[in-house]
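A.B. asks: Put together the whole structure using the sequences plus the hints.
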Amino acid sequence: NAGVTQTPKFRVLKTGQSMTLLCAQDMNHEYMYWYRQDPGMGLRLIHYSVGEGTTAKGEVPDGYNVSRLKKQNFLLGLESAAPSQTSVYFCASSYGAGSVYGYTFGSGTRLTVV
Amino acid sequence: KQEVTQIPAALSVPEGENLVLNCSFTDSAIYNLQWFRQDPGKGLTSLLLIQSSQREQTSGRLNASLDKSSGRSTLYIAASQPGDSATYLCAVNIDKLIFGTGTRLQVFP
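In order, the protein sequence lines correspond to chains A and B. Residues in the first sequence are numbered from 1 upward in steps of one, following the numbering used here. Residues in the second sequence are numbered from 1001 upward in steps of one, following the numbering used here.
In case anyone wonders, no lab produced these hints; they're calculated from the structure. Quantities reported herein were computed from a predicted structural model and do not represent experimental measurements. All C-beta atoms, glycine included, are put in the ideal place defined by N, C-alpha and C. Be a bit skeptical, because a hint or two may be false.
Stated by the list, open to error - As a list, the in silico EDC-like pairs of lysine to aspartate or glutamate whose alpha-carbon atoms are at most 20 angstroms apart:
{"no.": "1", "chain 1": "B", "residue 1": "Lys1001", "chain 2": "A", "residue 2": "Glu59"}
{"no.": "2", "chain 1": "B", "residue 1": "Lys1042", "chain 2": "A", "residue 2": "Asp38"}
{"no.": "3", "chain 1": "A", "residue 1": "Lys71", "chain 2": "B", "residue 2": "Glu1003"}
{"no.": "4", "chain 1": "A", "residue 1": "Lys57", "chain 2": "B", "residue 2": "Asp1095"}
{"no.": "5", "chain 1": "B", "residue 1": "Lys1068", "chain 2": "B", "residue 2": "Asp1039"}
{"no.": "6", "chain 1": "A", "residue 1": "Lys70", "chain 2": "A", "residue 2": "Glu59"}
{"no.": "7", "chain 1": "A", "residue 1": "Lys70", "chain 2": "A", "residue 2": "Asp38"}
{"no.": "8", "chain 1": "A", "residue 1": "Lys9", "chain 2": "A", "residue 2": "Glu30"}
{"no.": "9", "chain 1": "A", "residue 1": "Lys9", "chain 2": "B", "residue 2": "Asp1039"}
{"no.": "10", "chain 1": "A", "residue 1": "Lys71", "chain 2": "A", "residue 2": "Asp38"}
{"no.": "11", "chain 1": "B", "residue 1": "Lys1042", "chain 2": "B", "residue 2": "Asp1084"}
{"no.": "12", "chain 1": "B", "residue 1": "Lys1001", "chain 2": "B", "residue 2": "Asp1027"}
{"no.": "13", "chain 1": "A", "residue 1": "Lys57", "chain 2": "B", "residue 2": "Glu1003"}
What the hints assert, rightly or not - Residues from chain B shown here face chain A by an in silico Cβ test under 7 angstroms; the list is partial:
{"no.": "14", "residue": "Ser1028"}
{"no.": "15", "residue": "Tyr1031"}
{"no.": "16", "residue": "Asn1032"}
{"no.": "17", "residue": "Leu1044"}
{"no.": "18", "residue": "Ser1046"}
{"no.": "19", "residue": "Leu1047"}
{"no.": "20", "residue": "Ile1094"}
{"no.": "21", "residue": "Asp1095"}
{"no.": "22", "residue": "Phe1099"}
{"no.": "23", "residue": "Thr1101"}
Unchecked claim - So the derived label-pair ranges between C-beta atoms look like this:
{"no.": "24", "chain 1": "A", "residue 1": "Gln17", "chain 2": "B", "residue 2": "Ser1028", "range": "39 to 47 angstroms"}
{"no.": "25", "chain 1": "B", "residue 1": "Asn1018", "chain 2": "A", "residue 2": "Ser84", "range": "23 to 31 angstroms"}
{"no.": "26", "chain 1": "A", "residue 1": "Leu69", "chain 2": "B", "residue 2": "Pro1109", "range": "47 to 55 angstroms"}
{"no.": "27", "chain 1": "A", "residue 1": "Met41", "chain 2": "B", "residue 2": "Val1020", "range": "18 to 26 angstroms"}
{"no.": "28", "chain 1": "A", "residue 1": "Glu79", "chain 2": "B", "residue 2": "Glu1056", "range": "43 to 51 angstroms"}
{"no.": "29", "chain 1": "A", "residue 1": "Lys9", "chain 2": "B", "residue 2": "Arg1072", "range": "31 to 39 angstroms"}
{"no.": "30", "chain 1": "B", "residue 1": "Gly1060", "chain 2": "A", "residue 2": "Met27", "range": "18 to 26 angstroms"}
{"no.": "31", "chain 1": "B", "residue 1": "Gln1081", "chain 2": "A", "residue 2": "Leu69", "range": "23 to 31 angstroms"}
{"no.": "32", "chain 1": "A", "residue 1": "Pro8", "chain 2": "B", "residue 2": "Pro1040", "range": "13 to 21 angstroms"}
C.D. replies: Below you can see the structure in the form of structure tokens.
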């Protein structure tokens, strides 16, 4: 039972390069989320999806794009990386809205932009 | 706008102490509240989930309470152990999770 899997786990990018972070879940969850975690800032929501083919902006969406072409996958793209995007990125998933549903998190991707 | 605050930001206690971590939120319209544990350099592990209609949840030495009307939750850890050392995060679910900045706990032998 893999849960939520993030790839890659570590990456170093040069300013201006692009990359895609992949999140995959095997729990048939409808909702998926991308967060970033920075020291002193806590976890902040970048983008999220409430179902296949849907995406929405979170608190800090600028500089990122997302796609949810398959229910089990949620991709986070950086088109032109900036040092301010150095962070740890977490993906999460949930069955949906409602009081009984909790969130499951992946183990994170540590990204450094130099 | 929903805001979540955790107090204290850091806590250092000797092994065996009972301790309370606090979480407050500004809007009571939540689906549930979830407590997580995060070890250095690792991901988030869910500890307890309290539904909006519930008052508390227990798991082993952990007990979490929820008072929606006052916008407060507490995480009680009984008989703390060095293995409990980690950062504890609370998050409220409003169709997405809004996190506090965490309490960094150190339990020394």
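A.B. asks: Hint by hint, note whether the structure agrees.
C.D. replies: Quick rundown of the hints versus the structure:
1. B:Lys1001 to A:Glu59: It holds: about 11 angstroms lies between the C-alpha atoms, which stays within 20 angstroms.
2. B:Lys1042 to A:Asp38: Holds, at about 13 angstroms.
3. A:Lys71 to B:Glu1003: With Cα atoms ~30 angstroms apart, Lys71 (chain A) and Glu1003 (chain B) exceed 20 angstroms; violated.
4. A:Lys57 to B:Asp1095: Given pair Lys57 (chain A), Asp1095 (chain B) holds - Cα atoms ~13 angstroms apart, limit 20 angstroms.
5. B:Lys1068 to B:Asp1039: violated, 28 angstroms
6. A:Lys70 to A:Glu59: violated, 24 angstroms
7. A:Lys70 to A:Asp38: violated, 29 angstroms
8. A:Lys9 to A:Glu30: violated, 24 angstroms
9. A:Lys9 to B:Asp1039: holds, 16 angstroms
10. A:Lys71 to A:Asp38: violated, 28 angstroms
11. B:Lys1042 to B:Asp1084: Given that 20 angstroms is the threshold and the Cα spacing comes to 14 angstroms, the pair holds.
12. B:Lys1001 to B:Asp1027: holds, 8 angstroms
13. A:Lys57 to B:Glu1003: holds, 18 angstroms
14. Ser1028: violated, 13 angstroms
15. Tyr1031: Holds: closest Cβ of chain A sits about 5 angstroms from Tyr1031 (chain B), inside 7 angstroms.
16. Asn1032: Holds, about 5 angstroms.
17. Leu1044: holds, 4 angstroms
18. Ser1046: holds, 6 angstroms
19. Leu1047: violated, 10 angstroms
20. Ile1094: violated, 9 angstroms
21. Asp1095: The hint holds - Asp1095 (chain B) has a Cβ within 7 angstroms of chain A, the shortest such distance being about 5 angstroms.
22. Phe1099: holds, 4 angstroms
23. Thr1101: Because about 4 angstroms separates Thr1101 (chain B) from the closest Cβ in chain A, which is inside the 7 angstroms limit, the hint holds.
24. A:Gln17 to B:Ser1028: 39 to 47 angstroms: holds, 44 angstroms
25. B:Asn1018 to A:Ser84: 23 to 31 angstroms: Hint violated: Cβ distance 42 angstroms, outside 23 to 31 angstroms.
26. A:Leu69 to B:Pro1109: 47 to 55 angstroms: Taking Cβ atoms as reference, Leu69 (chain A) and Pro1109 (chain B) lie about 51 angstroms apart, which means the hint holds.
27. A:Met41 to B:Val1020: 18 to 26 angstroms: Given about 25 angstroms between the Cβ atoms, the range holds.
28. A:Glu79 to B:Glu1056: 43 to 51 angstroms: The hint (43 to 51 angstroms, Cβ to Cβ) holds, given that Glu79 (chain A) and Glu1056 (chain B) are roughly 46 angstroms apart.
29. A:Lys9 to B:Arg1072: 31 to 39 angstroms: holds, 36 angstroms
30. B:Gly1060 to A:Met27: 18 to 26 angstroms: holds, 24 angstroms
31. B:Gln1081 to A:Leu69: 23 to 31 angstroms: violated, 45 angstroms
32. A:Pro8 to B:Pro1040: 13 to 21 angstroms: Since Pro8 (chain A) and Pro1040 (chain B) have Cβ atoms about 20 angstroms apart, the given range 13 to 21 angstroms holds.
When each numbered hint is compared with the structure, violations occur for hints 3, 5, 6, 7, 8, 10, 14, 19, 20, 25 and 31.
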